[in-house]
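One letter stands for each residue in the lines below.
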Amino acid sequence: MSSRFRVRLLLFGAGAMMPGACDREEHHSRAKPVGETVPGGESPDTIFPGTSSAPPLDARAKLYDNNANAIAMGQTLYTQMNCVGCHSHGGGGMGPPLMDDEWRYGGRIDQIATTIAEGRPNGMPAWRGKLTEHQIWDLAAYVRSLSGLPSKDAVSSRTESMSTGTPQTLTPHGDIKNSDTAQQ
Amino acid sequence: MARVSGVFLIAGAMAMSCALSACKRSPNSFTSGPTVLAPLGGGAHALPPAAAAPADDGNWTMPGKNYAATRFSALNQITPANVGKLALAFTFSTGTNKGFEAPPLVVNGTMYVITPFPNYLYALDLTKPGAPTKWMFKPKPAAASQGVACCDVVNRGAVYDNGRIFFNTLDGQTFAVDANSGQMVWRTQLGNIQRGETITMAPLVADGKVLVGNSGGEMGVRGWIAALDEGSGKLLWKAYNTGPDKEVLLGSRFHPFYAMDQGKDLGVKSWPPDAWKIGGATTWGWLSYDPETHLVYYGTSNPGPWNPDQRPGDNKWSSGVFARDIGTGQAVWFYQSSPHDLFDHDDVNEIILADIPWGKGRRPVLFRPGRNGFFYVIDRRNGQVLSATPYGYINSYKGVDLRTGRIIPAPDKEPKPGRVTRDICPASPGAKDWNPAAFSPVTGLVYIAHINLCQDEGHSEANYISGTPYVGADVKMYAGPGGNRGVFTAWDPIRRRPVFEIKEDLPLWSPALATGGNVVFYGTMDGWFKAIDARNGKLLWKFKAGSGIIGQPISYKGPDGRQYIAVICGVGGWAGAIVSANMDPSDPTGALGFVNAVKDLPLKTTAGGILYVFALPR
Amino acid sequence: MSGRRYARAALLPLLLGACSYQHYQSDFGAAATEDRQFLTLFWIFMAVCGVMYALVIAFLIAGLAHRRTEAEANVVETGRHHRSHPLMRTTLIGWTALIGVGLAALAIASFFADRSMAEAATNEKLSITLTGNQWWWDIVYNSNDASKTMRTANELHLPVGVPTRILLNSADVIHSLWIPSLGGKQDLIPGRQNDITFVPQKIGIFRGQCAEFCGTQHAHMALVVVVQSYPDFIKWWDHQLQPAVAPRTPLQLAGYQYVTNGPCSACHNIGGTPASGTVAPDLTHLASRKSLAASTMPMSEGNLYGWVEDPQSLKPGVKMPTIGLEPDKLHAVVAYLETLK
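Chains as they are written, first to last, in this note's numbering: chain A, 3 to 186; chain B, 177 to 794; chain C, 3 to 343.
This is chain A alone, in the form it adopts within the complex (with noise of 0.2 Å):
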């Protein structure tokens, strides 16, 4: 090739990548001051009398939800918020393991903000005002990330603790089945 075709080649590349590049990574540091926008009590239940369908997703689900950056921030606040404690790295243990695909109060990025905000019976505290609602959203997109959920670009692809299997990248997409299976 001549060196001018070489840089118009070069200069073709580049411009092409442009456009695109930037959308995955929004890095919401500040987020929303909390006050009284909290996740808003996102019902695990599949039945709502008088409608035809379940309520829509969250706005903010879109912000956090296959964000790679809230994925991130929510494993280190994971081990931090002692989640693994209870939950291990997805295996379950005082709590229902996070990285199958039963989800005893709901799947969607929303229903589990509102989990962990809220707490539920059987022993999940509530951690709404110990943790700030822009916290609450990068673990809700963490655990999500569990079961293999979000898209793969955005998961994180190796742990901060000894190796506990495939990483997340590998693992097979997830799905949300039906039964939301309540066992006590």
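Source of the hints: derived by calculation from the structure; they are not laboratory data. Hints may contain errors.
Cross-link-like lysine-lysine pairs, in silico, DSS-like; alpha carbons within 27 Å at most [said to hold, decoys possible]:
| no. | chain 1 | residue 1 | chain 2 | residue 2 |
| --- | --- | --- | --- | --- |
| 1 | C | K150 | B | K445 |
| 2 | B | K718 | B | K261 |
| 3 | B | K440 | B | K414 |
| 4 | C | K237 | B | K440 |
| 5 | B | K445 | B | K592 |
| 6 | C | K321 | B | K422 |
| 7 | B | K410 | B | K316 |
| 8 | C | K127 | B | K445 |
| 9 | C | K292 | B | K453 |
| 10 | B | K453 | B | K592 |
| 11 | C | K237 | B | K445 |
| 12 | B | K261 | B | K316 |
| 13 | C | K204 | C | K187 |
| 14 | C | K343 | C | K331 |
| 15 | C | K321 | B | K592 |
| 16 | C | K321 | A | K64 |
| 17 | C | K343 | B | K445 |
| 18 | A | K154 | C | K292 |
| 19 | C | K127 | C | K150 |
| 20 | C | K127 | C | K204 |
| 21 | C | K292 | C | K237 |
| 22 | B | K714 | B | K261 |
| 23 | C | K187 | B | K592 |
| 24 | B | K440 | C | K150 |
| 25 | B | K589 | B | K718 |
| 26 | C | K150 | C | K292 |
| 27 | B | K592 | C | K127 |
| 28 | B | K410 | B | K445 |
| 29 | B | K574 | B | K589 |
| 30 | A | K154 | A | K64 |
| 31 | B | K422 | B | K316 |
| 32 | C | K343 | B | K453 |
| 33 | B | K453 | C | K150 |
| 34 | C | K150 | B | K592 |
Mind docking chains B and C on chain A? Use the hints.
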């Protein structure tokens, strides 16, 4: 010619003996018949002290059978000759499906069953066929307490005394229920689940007091033991296991034997500032009592967090044994088995009281198959360690220095910050966890159902938030040398060696029962309830229960005068959490590392909670 | 050159010299034995290399100024350099010898400097464990008496003249400790424990900096180092062991309640209170420190207000969240934090 025929004779004899004994390998390659390691020694045995182990009346009123914790029933109708005919007499479904660690109690024709959370108490009428329920009592503990119970929502047993049944609930209450009517007499709230406290232990009732201790060494709880008045439930005294001497009740009577345990306010000085307030040292295990000296013996749990770099110092008074006066709670002596514990080696295992031949007379001692893998024989008057012998494979300690009493950790197994230390043996549940051994004064042996696990462990900074775990460790356990995860050992405490050993594929998490007929019973995690010969370990009988067995088997005399054997199945506890908590086997660090060791358990057993009672056919 | 240019050229050395006035963060600070060893080595190198440089320049100028004679015309091609001038042969031999001596001097000096820096680590009297986090420094003063172990953050106090060994861990990514006035750099690598030894020689306040890119706020991960006399240091250590001051006024009490029950206690530790978090800087004696947020800002009431209210705008990406406190709560919290001297 004669020599050749002699060889044939010997070969033939060997072949026959092989066929007769249990040399055959079972289909599972890790479970094997007993390996006899030493002859059953003759001569004087150890014997339990008479005051702490009175003559057997055929009842079973406390989980340990008696204050000496022998777990030995003198009934001898069932013998190795006839146990093969043992058959089911009746069953009872408890309605729970969590780990069942408690024994049923039997008092004069009534059987009492205490379940894991929600801690129902049933009374069954043994005088009627099928043992119908007389009454049931529901204490209704807080459901949120399930979220702060580290190792399944178990209950280790109730106690009968003076017409009442005493037991603890998961959310930290102690109940007294009338044994005839099933009505509550009193209840006292002792634990606070907001701080991560629960109560899973079986109380000790003696001298008009009910002794209760808390759980939560993994939750940043401060450990204590309390005495309630048996009649009213009022708190009489409470001794903490960390902190200033005044709160640990260390006064003028306190004379620890070893220099490492002597000093003022060591419960504060051997910790970084304030760390003792969240330092663990709970009392979730077994209590024994000597009525002659009025001393209560119990062990304290691991210090918290598991990450030892966050708590430099010896961390008194964790991982050690206390002797306290039951009247006042004042400590008389203390021995720390694992100062500055590195591996979650609690010291709450059972304490068997015995008098061993010593010189011309007998010496009063304690037998302790310790979590850290050493079988301790300790003088129960002053806490002097007479011997500490490994009864499992140990590479994380070099030994116990009997001069100073101090255990010697192996430096290459010490956890380092940010790194994973591999092949630590024994693993965190130790060579044996909570499940107690039985001691037979007939054979003089201690029957220990235990485990053979090693682990990899990595530490990270544990963050303390009250009501949440305070651990800071990632663990993966796996089978130890030999590949078998469980082992049943008959230990000679005088000669300090095993007499026979049975390898088991799965870890053994069940207590043992010894009987006067020389039959020993224990259960496996996949539900096999086994009877073996107390002298040589030969398997005599087995029964497949509906769920894994981790509960205490008992033997009692029924209203018809026959000897019965009872056990409640229900897999769970720390070892069985993968089944009882429906955990995901793909995360090996689950259940603090146990999931990696028992990934096959969900296929071998399922959750349940059924009482089985056996007897010989009429 | 013109007069103005001469003046500017003359100013240059003065400007360069001015850098050394900032001795709190300067390789020329010479505040510890390690730095002095480095400086000695530096001046030796400067001297040797300076002499060589001057000589080279002198020969260059001489070569430019010298006018070639006929005899020297093809000196290089014919290979007869030494015949162009009687002194040439001697000069060339002398020059080679000078290079050899110079390099040998540098090698020997460097060898001894390295050796003495390495030996200093074997007889330390004080041991500190420094853990690098994104983006703050967790400092634990170790002691044989466990109850005297003391934890603080972002401000390192050292006693003058006492060999101090700092064990370096990292909680997340690779950081690097660099206190120029005291010594050289040493990395903090996760999964490995490094160490560095200082013997401070000058009392004063110095500044250290993280020297390995560790994330968004790597630039705001600095360390205040205070070198004190030994009695002052012991007094400081004993003071740091004391639990936090109890709140006195109602406003401070309201702040105390919020700090110990709310989000602050999930991460921070304040000795003597229920707040026992370990994943954020220890706040027990926050107000006694000279800076906030790992030297992002100096400690002052205004900065404290700003930091507590909105850390994300002052240090975007930091792990401390912006809670969005209402003004009453903010006043109470800052009032309480200011008492933590």
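Now the hints, each set against the structure:
1. Taking the CA atoms of K150 of chain C and K445 of chain B, the gap is near 8 Å; set against the 27 Å cutoff, the hint holds.
2. Under the criterion of a C-alpha separation no larger than 27 Å, the hint pairing K718 of chain B with K261 of chain B is consistent with the structure, at around 10 Å.
3. For a cut-off of 27 Å, the pair hint linking K440 of chain B to K414 of chain B stands: about 19 Å separates their Cα positions.
4. This hinted pair checks out: K237 of chain C and K440 of chain B have alpha carbons roughly 25 Å apart, not beyond 27 Å.
5. A C-alpha spacing of about 24 Å is found between K445 of chain B and K592 of chain B, which places the hinted pair at or below 27 Å, so the restraint holds.
6. Distance restraint check for K321 of chain C and K422 of chain B: the Cα-Cα separation of roughly 41 Å exceeds the 27 Å cut-off, and the hinted pair is therefore not satisfied.
7. Restraint check: the Cα-Cα separation between K410 of chain B and K316 of chain B comes to about 21 Å, which is no more than 27 Å; the hinted pair holds.
8. Only pairs whose Cα atoms come within 27 Å are accepted, and K127 of chain C paired with K445 of chain B is accepted, the gap being roughly 22 Å.
9. Simply put, K292 of chain C and K453 of chain B have alpha-carbon atoms about 30 Å apart, too far for the 27 Å limit, and the pair is violated.
10. Using a Cα cut-off of 27 Å, the hinted pair K453 of chain B and K592 of chain B holds, with the two alpha carbons roughly 24 Å apart.
11. The hinted pair formed by K237 of chain C and K445 of chain B meets the criterion: a straight-line CA distance of about 20 Å does not exceed 27 Å.
12. With a C-alpha separation of about 41 Å, the suggested pair K261 of chain B and K316 of chain B falls outside the 27 Å cut-off, and the hint is violated.
13. Restraint check for K204 of chain C and K187 of chain C: the C-alpha separation of about 19 Å stays at or below 27 Å, so the hint holds.
14. For the hint linking K343 of chain C to K331 of chain C, the alpha-carbon distance of about 20 Å falls within 27 Å, and the restraint holds.
15. Only pairs whose Cα atoms come within 27 Å are accepted, and K321 of chain C paired with K592 of chain B is accepted, the gap being roughly 26 Å.
16. About 22 Å separates the Cα atoms of K321 of chain C and K64 of chain A, which keeps this hinted pair within 27 Å; it holds.
17. Taking the CA atoms of K343 of chain C and K445 of chain B, the gap is about 24 Å. The hint holds against a cut of 27 Å.
18. Restraint check for K154 of chain A and K292 of chain C: the C-alpha separation of about 45 Å exceeds 27 Å, so the hint is violated.
19. Taken as a hint, the K127 of chain C and K150 of chain C pair is honoured in the structure, with Cα atoms around 15 Å apart against an allowance of 27 Å.
20. Of the supplied pair hints, the one linking K127 of chain C and K204 of chain C holds, its CA atoms being roughly 17 Å apart against a limit of 27 Å.
21. With a C-alpha separation of about 17 Å, the suggested pair K292 of chain C and K237 of chain C falls inside the 27 Å cut-off, and the hint holds.
22. Using a Cα cut-off of 27 Å, the hinted pair K714 of chain B and K261 of chain B holds, with the two alpha carbons roughly 16 Å apart.
23. About 23 Å separates the Cα atoms of K187 of chain C and K592 of chain B, which keeps this hinted pair within 27 Å; it holds.
24. Of the supplied pair hints, the one linking K440 of chain B and K150 of chain C holds, its CA atoms being roughly 16 Å apart against a limit of 27 Å.
25. For the hint pairing K589 of chain B with K718 of chain B, the CA-to-CA distance comes to about 40 Å; that exceeds 27 Å, so the pair is violated.
26. Straight-line distance between C-alpha atoms of K150 of chain C and K292 of chain C comes to about 23 Å, which keeps the hinted pair within the 27 Å bound.
27. For the proposed pair K592 of chain B and K127 of chain C, the alpha carbon gap of about 22 Å is at most 27 Å, so the pair holds.
28. Between the alpha carbons of K410 of chain B and K445 of chain B the distance comes to roughly 32 Å, so the proposed pair goes past 27 Å and is violated.
29. This hinted pair checks out: K574 of chain B and K589 of chain B have alpha carbons roughly 11 Å apart, not beyond 27 Å.
30. Distance check on the hinted pair: K154 of chain A and K64 of chain A sit about 16 Å apart at the alpha-carbon level, within 27 Å; holds.
31. The hinted pair formed by K422 of chain B and K316 of chain B fails the criterion: a straight-line CA distance of about 35 Å is larger than 27 Å.
32. A threshold of 27 Å between alpha carbons decides the hint, and for K343 of chain C with K453 of chain B the separation of about 23 Å falls inside it, so the pair holds.
33. Distance hint between K453 of chain B and K150 of chain C is fulfilled; the C-alpha atoms sit about 16 Å from each other, no more than 27 Å.
34. For the hint pairing K150 of chain C with K592 of chain B, the CA-to-CA distance comes to about 22 Å; that is within 27 Å, so the pair holds.
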